[in-house]
Amino acid sequence: MSTSLAFDLLLAAALLWSAWRTLATPDIFRAAILFIVFGLLLTLAWARLAAPDIALAEAAIGAGLTGALLLDAVGALRARRDSAL
Amino acid sequence: MIPLLKRAAVILAAASFAGALVFAMLDLPAPGVHLPAAVEANMAASGVAHPVTAVLLNFRGYDTLLEVGVLLLALLGVLAVGARATPPAPAPGEPVKRMFARLAAPLMVLVAVYLLWAGAIQPGGAFQAGAVLGAAAVLLHLTGILPGWGAPGLRLRAGLAAGFLIFLVVAGALLAQGAVLAYPPAQAGRLILLIEAGLTVSLGLILAGLFLALSRDSGDEA
Amino acid sequence: MSGGMIFAGAGAVLFTMGLVGVVLIGPLLRRILAFNVMGSGAFLVLVGLAQRDGGADPVPQAMVLTGIVVAVASTALALALARRLHRLTGRTTLSATDDD
Amino acid sequence: MTDPIAWLILLPLFWATAAFLLGPGRGARLAIAALLAQCGLALQLAADVIDGGARTHAVGGWGAPLGIDLAVGGLSALMLVLTQAIALPLAVYARAYFADGAPAVRYFWTLTGFLLAGLNALFLAADLFNLYVTLELVGLAAVGLVAAGGSARQVAAALRYLFAALVGSVMYLLGVALIYGAHGTVSLQTLAPLVDARAPAAVWIACGLMLAGLMLKTAIFPFHYWLPPAHGGAPAPVSALLSALVVKASFYLILRLSLEVFAPLAATAATALGLLGAAAIAWGSWQALRTVHIKMLVAWSTVAQLGYLFLVFPLLAPDGLALQAGVMQAIAHGLAKAAMFAAVGVLMLATGRDTLEGLAGVAGRMPLTLFAFGLAGVTLMGLPPSGGFLAKWLLIEAALTHGQWGWVAVVIAGGLLAAAYVFRVLRQAFLLAPADSPFHPVPRSMEWTAFVLATASMLLGLQGVELMSLLAAGS
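Residue numbers (the working numbering), protein chains in the order written: chain B, 1 to 85; chain Z, 1 to 222; chain E, 1 to 100; chain H, 1 to 475.
Incorrect hints may appear among the rest.
[Stated by the list, open to error] With the C-beta cut set under 10 Å, the calculated list includes, among others, these residues of chain B facing chain Z:
| id | residue |
| --- | --- |
| 1 | Leu41 |
| 2 | Ala51 |
| 3 | Pro52 |
| 4 | Ala73 |
[Claimed, not checked] Calculated from the model, a selection of chain H residues having no Cβ within reach of chain E, i.e. all distances over 10 Å:
| id | residue |
| --- | --- |
| 5 | Arg55 |
| 6 | Leu88 |
| 7 | Gly144 |
| 8 | Leu416 |
| 9 | Pro434 |
None of these hints come from the bench; they were simulated from the model. For glycine and all other residues, C-beta sits at the position ideal for the given N, C-alpha and C.
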């Protein structure tokens, strides 16, 4: 097995692991962070698939903007819940 | 007992579905149609030198036109759901962060322009450039320089719609010469650059708007 | 076994994971995450499977670019609705009782 | 130069954008004027198809499989005519309905423009990935329209709808990904000769995924859970658009894909789809008989009526009877359900109440609207000479031709159940109103549009031959 194939396998495993943790973590803030990690790993995967355009878009939109939207929503929901207590 | 059983059943079903999918994919023969060759053969007439941009804005430009519509639509939905007419005043951020944002934002605009220009010959283009512009606006918002959005005024609405409208007008105008979005090969490059420039501005505004219109109620207890 | 095939396989598993998540998970923010995982899986299959013999294929790559933009648009709308629901009712899930 | 195929997509996109630029709540007159033009374009296209048969428009001039083709045939021309013909009266209706400037109107016109552009683009598409984009356009516009009311109930309904639409789209997209992997193209025209019964497993899975995703979007039993709150909770013009047109779009896709491309594979699922249709008729009717809210009754009736569309699949045959029945049902139900939601919207505005109980006395006060509701009900029941009658008649004929007696019983039972829930409304309307019940006047234009739509669904049966010749023209 060549090193590049081994790297691909490792990256795929990391993708699956981060997605699993994203969905299984009880804390929603951590889940959002893990999702951003998942997005960054996905960026690497796109680069490995010779798709630099998608890698750029994934980093900026998939991980970046979606991550910011999620974190902002988590923050808003928490702030409202805390002030309601 | 039941939840455990249910969980086992779900895991079993999911595993067998994923397994079947993977095996089915491994089993596939080579496809009969080979589009990369067709893309390669028509690159010269596409008006750009980067294959992905050629597919995105020329060969399958119609998909992209509708997709920009989807993005605008999502912003409309976000605006329609929000109730507040006037946004809250921005929270003042820390001075160091504000300084950083003031320095970073113009740089990001430069990066966006570079990405837009580069898209014709190498990876990059309107979407990536627009995303960087949007990110710059989000950064300015998070550091308290740019306020959140209420209902957008006329100028902002024009900016949001401009990219889509330019795209639409080009599509309609070319219809007169035969088909929707059928660029004459001599002008294809210029028309694509025009569309991409409009899209960059509008996509930047829309992506920023998705964040700024959403985050306006963060932490409020109205 | 090629790099494309590896990522297509990972995509198939991600899609399944996300689908199970969307169906079984209650809290809305998590369901939105699960939907995004599901979509990313479909994107990986689209490009990975098409490039299973190596060699970049710009057609599915352009399609995925379109798909990523559609996904972020959907996510933003879903978040807007979820936040609105929370502000109106204090709920973070859809209950069975708001049907009728 | 003025190819109606292209303008049917570009024109609504133009006026949707213009309505957005004009500002919140604006754009009603523009929309109505543009819809008039769209009706003309759709009719012209139908005439073209009758004269010249099916044809395509190569977007970008490349042609499939490199570029994207738009295609029109008899089936799509009919759906386009139906869409514009329902949207125009509903626009007139909506203009009066939203005259008070309710919050739901702020983005109504621009969202509706995008919705109609998406529907037209979907009916004209001939490319699996392009169809995915049009599905998203339709889905997000519809969700936005449901959510725009802004109440907790509407937001919850919109979220439920959004998740169903998104999951449906992604399942469909994975199907497209597998098809592209297997055949290297997503153009329907290029794919058709490549798919046969010895297809590799991945193509079968792709078919299953696309079918499941589209069924989720069509809200066929057991995927109907999201429909009643969304259609029952939205403002009346929105409910009418969604029930009359949007759920038909994904049904149209299932029908077209199973006829044109995946015919060798589609037969395996046909009986199961028919059984789901029968279950939908039973369950939807039962819920319509039980609910106390008038709009929920109409929404559950949509769940039931969608069932008839799926009875078509086990009966599809070269004789074309079942296809005619399905298309007739889609058209008749579209017109009747638009009329019904419009009428119910009028009644609810007038009485200020949303329950069946609140309808007491409307027979004397709003005879025209009640008459419209009754006419639409006659179509749903399937009495002559309505379009619903013709649809059910064709369905029974198809079932008899193939010796499948079971479906005949389902069709007849469904008609009786529809009669039962329609009469629940009519009986209540003829009761005497309590003396102190409030009553608000409603613009006449709203009453008349409901009446026009209902009359159209009624008289449709008399035009059956012409419609069916158009259907046959392109296929």
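The hints, checked one at a time:
For Leu41 of chain B, the shortest C-beta to C-beta distance to chain Z is roughly 19 Å, which exceeds 10 Å, and the interface hint is violated. Given the 10 Å rule on beta carbons, the hint for Ala51 of chain B holds: about 8 Å separates it from the nearest Cβ of chain Z. Annotation: interface hint on Pro52 of chain B holds; nearest CB of chain Z at approximately 4 Å, less than 10 Å. Interface restraint check for Ala73 of chain B: the shortest CB-CB distance to chain Z comes to about 7 Å, inside 10 Å, so the restraint holds.
Its beta-carbon lying about 25 Å from the closest one in chain E, Arg55 of chain H satisfies the requirement of being farther than 10 Å from that chain. For Leu88 of chain H, the condition that its CB be more than 10 Å from all CB atoms of chain E holds, with the nearest at approximately 28 Å. For Gly144 of chain H, the condition that its CB be more than 10 Å from all CB atoms of chain E is violated, with the nearest at approximately 7 Å. The beta carbon of Leu416 of chain H is kept farther than 10 Å from every beta carbon of chain E, the shortest such distance being approximately 24 Å.
The Cβ of Pro434 of chain H lies farther than 10 Å from every Cβ of chain E, with a closest approach of about 25 Å, so its non-interface assignment holds.
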